[in-house]
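> Sequence:
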Amino acid sequence: MDMSRVSTCTIPMHDREIAYALQAVTEAGFTKTDILALMPYFSADQGLCDWSGMRDLSSQFGVAIANLGTYLGQFFTAETEAQCLAELARLKTTVEAAVYLGPAPYE
Numbered sequence: 001m002d003m004s005r006v007s008t009c010t011i012p013m014h015d016r017e018i019a020y021a022l023q024a025v026t027e028a029g030f031t032k033t034d035i036l037a038l039m040p041y042f043s044a045d046q047g048l049c050d051w052s053g054m055r056d057l058s059s060q061f062g063v064a065i066a067n068l069g070t071y072l073g074q075f076f077t078a079e080t081e082a083q084c085l086a087e088l089a090r091l092k093t094t095v096e097a098a099v100y101l102g103p104a105p106y107e
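By the numbering used here, the letter at position 9 of the sequence shown is numbered 9, and the numbering carries on one by one without gaps.
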């Protein structure tokens, strides 16, 4: 099986640190993982989540971050414009994080 075509998710390890999850993913033979977009794994708020450290860890373990398991857009139908705009800002920041954390684009 071509393991470069599949990824696994860190959801089952949500109660462990990101380093533990990335090591487990690597030891299971995966080269890509989907990161649960909840703490302690990910936050769009860089004050809560060290994107650079996560990228360094993924490199250290030799596993690419293929996806951020976010559930964005839930407030696009909110009753107030402020809530919608806050959700749009969170979406934009999360896309920036995905670009920063993710594997290089296909050539």
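In short, the hints are calculated from the structure, not lab data.
Be a bit skeptical, because a hint or two may be false.
[Unchecked claim] Beta-carbon label-pair distances, calculated as ranges:
#1 Ala89 to Glu27: 34 to 44 Å
#2 Val99 to Met39: 14 to 24 Å
#3 Pro12 to Gln74: 36 to 46 Å
#4 Thr26 to Thr77: 38 to 48 Å
#5 Lys92 to Met39: 16 to 26 Å
#6 Glu96 to Arg16: 38 to 48 Å
#7 Pro40 to Met3: 25 to 35 Å
#8 Leu85 to Ser52: 38 to 48 Å
#9 Thr80 to Asp45: 14 to 24 Å
Glycine is no exception: its CB is placed at the ideal position from the N, C-alpha and C atoms.
> Indicate, hint by hint, whether the structure satisfies it.
Okay, the hints, checked on the actual structure:
no., hint, result
1, Ala89 to Glu27: 34 to 44 Å, "holds (37 Å)"
2, Val99 to Met39: 14 to 24 Å, "holds (21 Å)"
3, Pro12 to Gln74: 36 to 46 Å, "violated (23 Å)"
4, Thr26 to Thr77: 38 to 48 Å, "holds (39 Å)"
5, Lys92 to Met39: 16 to 26 Å, "holds (20 Å)"
6, Glu96 to Arg16: 38 to 48 Å, "violated (26 Å)"
7, Pro40 to Met3: 25 to 35 Å, "holds (26 Å)"
8, Leu85 to Ser52: 38 to 48 Å, "violated (27 Å)"
9, Thr80 to Asp45: 14 to 24 Å, "holds (21 Å)"
Hint check: violations occur at hints 3, 6 and 8; the rest are consistent with the structure.
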